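S.K.: Keeping their order, the protein sequence lines are chains A and B. The first sequence: position 71 = 70 (numbering that gives the first Met the number 0), numbered continuously. The second sequence: position 555 = 554 (numbering that gives the first Met the number 0), numbered continuously.
None of these hints come from the bench; they were simulated from the model. Just so it is clear, the structure is predicted and the values come from calculations on it, not from any experiment. For every residue, glycine included, the Cβ atom is placed at its ideal position computed from N, Cα and C. Misleading hints may appear alongside valid ones.
Per label pair, the in silico range of CB-to-CB distance [to be verified]:
1) B:A755 / A:E158: 45 to 53 Å
2) A:L57 / B:V730: 29 to 37 Å
3) A:G169 / B:D160: 43 to 51 Å
4) B:G281 / A:T28: 26 to 34 Å
5) B:D160 / A:L108: 16 to 24 Å
6) B:A712 / A:G207: 34 to 42 Å
7) B:A708 / A:G207: 54 to 62 Å
8) A:G169 / B:D758: 51 to 59 Å
9) A:T28 / B:R474: 17 to 25 Å
Just so you have them, the derived chain A footprint on chain B, three or more residues with Cβ under 8 Å [said to hold, decoys possible]:
10) 167 to 178
11) 261 to 274
12) 396 to 408
13) 445 to 451
Which chain A residues stay away from chain B? Per the calculated CB distances, all over 10 Å, these [as the list claims (entries may be wrong)]:
14) R118
15) A122
16) G161
17) G187
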Amino acid sequence: MTARIGVITFPGSLDDQDAARAVRRAGGTAVPLWHGEADLRGVDAAVLPGGFSYGDYLRCGAIARFAPVMAELVPAARKGLPVLGICNGFQILCEAHLLPGALNRNSGLRFISREVRVRVENARTPWTRDYAPGQELTLVLKSGEGAYVADAATLAGLEASGLVLARYDGTAPNGSAAGIAGICNPDGNVAGLMPHPEHAIDPLTGPGEDGLGFFTSAVRALVSA
Amino acid sequence: MTIQDTGTQEAGAQDTVAAAAATPGRAQPHAELGLTGEEYAAITRTLGRRPTDAELALYSVMWSEHCSYKSSRAHLRQFAEKAPPGDALLAGIGQNAGVVDIGQGYAVTFKLESHNHPSYVEPFQGAATGVGGIVRDILAMGARPVAVMDALRFGPADAPDTRRVLPGVVGGISFYGNCLGLPNIGGELAFDPCYAGNPLVNALCLGVMRREDLKLAAASGPGNKVVLFGSRTGPDGIGGASVLASASFGAGSKNKRPSVQVGDPFMEKLLIECCLELYAAGLVLGIQDLGAAGVACATTELAAGGGAGVGMRVRLDTVPLRDASLGPPEILMSESQERMMAIVEPGGLDRFLAICARWDVEATVIGEVTGTGRLEMTWHGDLVVDIPPGTAAEGPVYHRPAQRPAAQDALAADDPARLPRPGAGPQLRAALLDLLSAPDAADKSWVTEQYDRYVRGETVLATPHDAGLVRVDERTSLGVALAVDGNGRYCRLDPYAGTQLALAEAYRNVAATGARPLAVTNCLNFGAPTDPAVMWQFTEAVRGLADGCLALGVPVTGGNVSFYNQTGEAAIHPTPVVGVLGVHDDVRRRLPIGFAAAGLRLVLLGRTEAEFGGSLWARVAHGHLGGRPPAVDLAAERSLAAVLVAGARLGLLAAAHDLSDGGLAVALAESCLAGGQGCTAAPPGDAFTGLFAESAARAVVAVSPGAEAEFAALCAEHGVPSAGLGVTGGVSLEVTGLFAIPLDELAAAHRGTLPALFD
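Build the full structure now, drawing on both the sequences and the hints.
M.R.: Set out below in structure tokens:
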């Protein structure tokens, strides 16, 4: 059997085709999901891709969390469905309160599009189990509002419980708190990541294939489950 | 604006065709709308009566320089008359964008367009809507837009106004392009005092479709529906084409802010996906984007495109408005963004509207195709427009006087040979660092790191490589390369040769990735056409481009003219920007510019002469512009391209970089920094000439290990001069016997300039 991984398209989603390609390259079956349908089509996991849902003219992700598909996704995630939010997807997961904190304007107030080095901090989740703890990856950061923020207690809780998924190497280019590039929920099934792993799956079109592990992790976790 | 004075806003109280016939003497504000007295008289003759206010608005925008090309059209005909033979061109000049057959059943469409004037008045929105407009042009051809590029010119990098305009323009392109999900794969950025007050913002979009999916802007079939869809129509950008784009700036420029449109890239993204679904469902008979001149342009182009006997009847009161007080003239002239107009069969209308609803795109039937040959528009039942659409779509043609300025001879005589040159190693070393850190040649990451180059996952090469390269088919690795180039300094010295040099550079840049150059687009940025000196520059540039394209065997597929880039008497340098598109048969064999491995043999291709007229060195070291630009040798360009393409295909090359601004020295530095390897090089001949001359038809290549003999034979076969230059490796750029610069020092010089200016 192969893992069926849904990729949700919201109005303004941009990296949905890239996420689907990464799922396929990892050996999974990519299942397109539509924002307007409250139907997860029986998928084994879901990816919320990057983009500018609804234009992000309001707070990023603030409208997308109310999409009909989210009414199905949120309870499923709470019951353990593996969900990965990338960039705008991370913002939506925060707005939907599946993950704590929020994403603010970059400290330099400009959009940043560049390759970044990140360190995998938690390799125990269904999205990171193919990596070694402390493994360094080159991914693509491309966002205007990518600075992770949370109150001190939340940050301390994330650190204490090992819920920081990945951290920028050196100074965070966007001013992210504690250099956080990604986090997960206590069960590890819901993960949010600001840099894009789906743009790092092929040296021809990206910085390499370091990002593929997020997708192979999920495929392997689901097939062995 | 004075349009509101021409009619009251209550329904039924508009100036009608009947009223126009009954009140022939009524004064109308044709001059405020940018029409000359002769043009107004011509409209009256055409109609056999004075135009209604709505008709006057329509003609004023359609006959603006921006829409009608009235000063340039007589010259642009050369692009068709001198087109090289070939069957790659599926649609050409006159359509929204040219379409080229790239094989395997694919066609691509691409076009450059200016948004210079709006970007000066309001940099962020001006540049943003420039991207939006060219993307809709590509979409209207039936293609999925897949990449954008931009060519930018600003005043001096350290001028206060440049710090206002440049960050705004870059921010606007970043905002719109990123939100649209189109990778920005390259472009250019240059500075010169002549662009202070007249920045150039030229945006390019590339689209891909299956050959059979080509769409044209033509109405057909009486009874078919005219559907307007996308954003609602508001009061923004009214008269943008006639007021902003077709006149020079004077002291009152600040008052033109209401003429700049505001962009909504989210709506445009929905419009793209919606249109592609409509195309796939076979529901679109003809389509036109709404850009300059809005509803006026879309209706006249569609009706005129249908041919003799085709007409259209439009109910202007059914156009969905954002501002209910708008009347027919404003509705016709509004340049509200993110709108399209389609011709749809009545039987397909319900499905058409359902697809629009799925994408939350508002769609409204505003009229029908007729067999009358007239474009008729009503306002609450009253006829307010009744014209033969061809007369608005075609516009007048002017043969404006052109005169080579007397000062041109003195400029050519001011040879840079008189300038003091660096001789010893330390002087040459310092000269290279000066060039690398000059704003024109400095690293552009400050700009390009604000652009998403990764989205769609098909970008194989982007800045700082010689050309952008996107994959078209993941299965076959077919791809398309694009480069845009222009050099105002060369064109100032000799617009004919300068334009050919811009063409040659873009052609060479495409070939340097391993792609076969196939077709050309252009954006011709000039001063006021009413100045005979500017008109001479323009005619020389067009002649040069047409002759050059014929010699290189690449047709011009379309383009754009931007006149009136001047403030007061001072025109910009003539700045034709040329875009060349090439086909890459296997993008896995693309050539990057970077030296990524040690021990590769470096070879210099082409002939180097002591050519410094208009060079980066003359400008940076001496602030000098004079003499002759480098000699043009298009036969040599063709041979060089053939060697580069074959070298890539046969796997003989590991890297290639074209030589242009700053010559070999700057090219070597860029290749070292891009790949992270140093090199040792010994340029043949005089060291200064070898390092900094800007002779055309040259490239530096790194040969794959073991392929040296085969590559030398390839060069000999094509008659391309080749000289061993040195070898890659080490942590410095070393010029044998003269100087060495550690890569860290090169990087600091190259990368520090723009952040220091704009952070």
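S.K.: Of all the hints given earlier, name the ones this structure violates by number, lowest first.
M.R.: Going through the list in order, the structure violates hints 1, 2, 3, 7, 8, 12 and respects the others.
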